[in-house]
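Protein sequence lines correspond, in order, to chains A and B.
In terms of UniProt numbering, the first sequence is residues 1 to 85.
In terms of UniProt numbering, the second sequence is residues 1 to 155.
I should point out that these hints are in silico values taken from the structure, not numbers from a laboratory.
It is possible that part of the hints are untrue.
Stated by the list, open to error - Derived BS3-like pairs: lysine-lysine, alpha-carbon spacing no greater than 30 Å straight-line:
| id | chain 1 | residue 1 | chain 2 | residue 2 |
| --- | --- | --- | --- | --- |
| 1 | B | Lys139 | A | Lys36 |
| 2 | B | Lys125 | B | Lys38 |
| 3 | B | Lys38 | B | Lys139 |
| 4 | A | Lys54 | B | Lys49 |
| 5 | B | Lys103 | B | Lys85 |
| 6 | A | Lys54 | B | Lys139 |
| 7 | B | Lys139 | B | Lys59 |
| 8 | B | Lys125 | B | Lys49 |
| 9 | A | Lys54 | B | Lys59 |
| 10 | B | Lys103 | A | Lys54 |
| 11 | B | Lys38 | A | Lys36 |
| 12 | A | Lys36 | B | Lys103 |
| 13 | A | Lys36 | B | Lys130 |
| 14 | B | Lys103 | A | Lys29 |
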Amino acid sequence: MPVPWEALIPFGLVTTMFAAAGTLLNVSKRAQNQGKPSRFHLDSWDEMMMDRDKRLTGHIRGQTSNTTAPEGFETSSVWYTERAY
Amino acid sequence: MSRYHDPSESSQPYKDPTPLPDNVPKVQELGTTSAPLKSAAFFLGAYCKDYNDDFMLCKAENRDPEHCLKEGRRVTRCAIDLISKMRDSCMQEFEQHWTCLEKNNQEYYPCRKPERALNKCMFEKFGLAKVIPGSPEGKTPIHDVQKPIYTGVQK
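Let the sequences and hints guide you as you build the complete structure.
The structure is reproduced here in structure tokens:
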């Protein structure tokens, strides 16, 4: 008896769409985070440190263990101009 | 002709128009980012304890930034000293630990294996051990537990 394989096409399509959407989302997240998984559950401390990382390396996920800060690091902090609530 | 230029849209990084005056001694700022600092955190606590305590007590007296500049410079110099020493002697283990932290939302619990290697290297070279202040008496500290309940998902 012939198997109704046409009925399985929608299942295949839905699975492929799920996989494509999931992969695209994952690739997009990793591309935004320099190939690393994205950070979650961030509090003000983490945001402050990520802003400091951006001043040191140019990207919020950039990391370096150099002990010398780049030129202009001492004067690039916006902290003093932020509004005190 | 001349429209308003919002400073947040500028292409140059922010430059503070009122830097520190010249009578304040200059100190080399620490250029280490968050993950290596988190990796070295307990060793900074052990090695620079005196300077850190001085700074905290000074801040507890008076929150004014000008009051604690000297203690702050000492903390910065001590941190630079320790991180340079760590890079000189334990570069491999240090690098592996902080790259592991970066991949795991900068949390300690999935990275116990590189952490043990780093602790061993630091203890051999400098005699610094990781001690978690405030951990319950009598129980093994969480970083020494061999079979913890909460581990990372295996990738």
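- Query: Are lysine 103(B) and lysine 85(B) close enough, with their CA atoms no more than 30 Å apart?
  - Reply: 25 Å, holds
- Message: So if I understand the rule, the pair passes when the alpha-carbon distance is 30 Å or less; does lysine 54(A) with lysine 49(B) pass?
- Response: This hinted pair holds, its Cα atoms lying about 28 Å apart.
- Task: Take a quick look at whether lysine 38(B) and lysine 139(B) sit within 30 Å of each other, Cα to Cα.
- Result: 24 Å, holds
- Query: Are lysine 36(A) and lysine 130(B) close enough, with their CA atoms no more than 30 Å apart?
  - Reply: Satisfied, since the Cα-Cα distance of roughly 27 Å is no more than 30 Å.
- Task: Verify the proposed pairing of lysine 139(B) with lysine 36(A), using a straight-line Cα cut of 30 Å.
- Result: 35 Å, violated
- Holds or violated: lysine 139(B) to lysine 59(B), with C-alpha atoms at most 30 Å apart: It is violated: about 34 Å lies between the C-alpha atoms, which goes past 30 Å.
- Under the criterion that the straight-line Cα-Cα distance not exceed 30 Å, is the pair lysine 125(B), lysine 49(B) satisfied? 18 Å, holds
- With a cut-off of 30 Å on the C-alpha distance, tell me whether lysine 125(B) and lysine 38(B) pass. Answer holds: lysine 125(B) to lysine 38(B) is near 20 Å, not above 30 Å.
- Item | Pair hint outcome, lysine 54(A) versus lysine 139(B) [Cα-Cα no greater than 30 Å] | Violated. Lysine 54(A) to lysine 139(B) sits at ~40 Å, over the 30 Å cutoff.
- Query: Does lysine 59(B) lie within 30 Å of lysine 54(A) when you go C-alpha to C-alpha?
  - Reply: 27 Å, holds
- Message: Does lysine 29(A) sit within 30 Å of lysine 103(B), going by the straight-line distance between their CA atoms?
- Response: 13 Å, holds
- Starting from lysine 103(B), check that the Cα of lysine 54(A) is at most 30 Å away, please. 18 Å, holds
Violated hints, in rising order: 1, 6, 7; the structure is consistent with all others.
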